[in-house]
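J.: Residue numbers (the working numbering), protein chains in the order written: chain D, 1 to 237; chain P, 238 to 531.
In short, the hints are calculated from the structure, not lab data. The beta carbon of each residue, even a glycine, is placed where N, CA and C say it ideally should be. Nothing false has been slipped in among the hints.
Some but not every residue of chain P turned toward chain D, in silico, with C-beta under 7 Å:
id, residue
1, Ala409
2, Asp413
3, Gly415
4, Asp423
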Amino acid sequence: MENILEIKNLNVYYGVIHAIKDVSFTVRQGEIVTLIGANGAGKTTTLQTITGLIPPRSGEIIYHGKSINKIPGHKLVSQGMAHVPEGRRVFADLTVYQNLMLGAYTRTDKAGIDDDLEMVYTRFPRLKERVNQPAGTLSGGEQQMLAMGRALMSKPRMMLMDEPSMGLSPIYVNEIFDIIRKINEDGVTILLVEQNANKALNIANRAYVLETGRIVLEGDAKQLLTDPQVKAAYLSE
Amino acid sequence: MASFLTYLISGISLGAVYAIIALGYTMVYGIAKMLNFAHGDVIMIGAYVAFLIFSTLGLNPILAVIVSMLACTVLGITIERIAYKPLRGASSLSVLITAIGVSYFLQNSALLIFGADSKTFTSLVSFPPIKLMGGSVVISSVTIVTILASVIIMIALTTFINKTRTGQAMLAVSADKGAATLMGIDVNRTIAITFAIGSALAAIAGILLCSAYPALSSTTGAMPGIKAFTAAVFGGIGSIPGAMIGGLVMGIIENLSKAYISSQLADAIVFGVLIVVLLVKPTGLMGKKIQEKV
Ligand SMILES: Nc1ncnc2c1ncn2[C@@H]1O[C@H](COP(=O)(O)OP(=O)(O)OP(=O)(O)O)[C@@H](O)[C@H]1O
Ligand SMILES: [Mg+2]
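Can you build the whole structure from these sequences, using the hints too?
T.: Below, the structure written as structure tokens:
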């Protein structure tokens, strides 16, 4: 399968802090790839560098065969890349509807936007019930659904998701992972960052383990589930 | 009673000018999280441009308004690009000092170009006044146009922000620049648009202000600028209805104080009221939580 995203020898610094050290990985068309790791491992930094929020010091980010290092973050959305950020970051004062329409900001195909709005409402019925409610008044799980719905409104080919299960009750966590699987079945390639390694490895095709800015392990997700090293460090229940 | 009404109406008119200026302050603050202290001086430049077109060249007043708005729009975008954009991410103190520098730059440029003697601005509005209550209350045409203009601007701005894609992008940038970028919004462009709108409004404010108070010099924008900034803080900085209400309240208090208490003390009273309001409600009348520049 073709690589949709290729990261080569990426290095990212915060001032003198070397947060991402020579990281390389690939995501192929149609896959769910998960990036797991403990707090501060550099997962968020990796995603933010890919979507242009943080400039890399060195290395290459190749998306659909082209280097996107120099492309400003806001231009990636229209190229089919959507990022569901850590902490959801919905626009709290704006309504659910306004948030969703901001997701479609780069699009001009009115009919397509309407169709996708219906699709999002079907996928997240709870959002439909709350269209005119300010996003800040939604529960954590609902806000996560809104952040995902908002990303879907850009009609992405690839979605980066940063800890979508963070802070959610177990029922919501299962629901969110089900939705991720369904989004992927509809043809969206997914790069999933998670601390919930168990759940993430269960739905992913492949996985990379990040430790203090370095990839220390990679492989087939189901195999990593039984890897003693992974079990000891990330699957302790 | 008649004289009270007269003072009140001219207070509303002065307040409407403050409100239009305050909108510029508050929009830029809401989106760029910075206090653009040069905003008052853009008003002065706008008034000079209108003066050149209308009085010096003797052209059509509508044309004067349009050219003045265009000139201030270009000026606002240029100031943002050259002085403020390189400071994105710098401390708010650096930005503030830069803004004060830009303010002096504009004032001294005007001094150099237009000279130190103050010009007498000819009102661009020239239809007859309206007389009420058998002629005891006279409302000048400038007053009427000023109040009408502020209402139209308020409605247009609110509609723009709530109904257009660019307006929604402005709200998104104001709330979270990173998340806005992830929506595909060009944050720099959105900030530039905000400066453009604020500066075009400053041109209108300058023309209306000088049509009512005709002395035009390089410092004409300074005091109204500070008062409008105060009005924006009073109403809750970042809030558009707050700027409107804040401006009106300031103008009314100022004019009534001048009429009934003392014209020397009027400014002290205005700022005194501001201090009291901020002590009781630190975020201003319509303000929510205070956001620091991040
Ligand atoms: N803005 C910043 N300035 C300085 N250092 C930062 C900044 N953001 C992150 N770091 C550091 O970079 C490293 C990686 O952080 P990052 O947020 O990418 O980790 P993470 O894997 O997403 O962690 P978590 O699971 O807690 O979200 C950490 O050591 C963190 O302290
Ligand atoms: Mg993180």
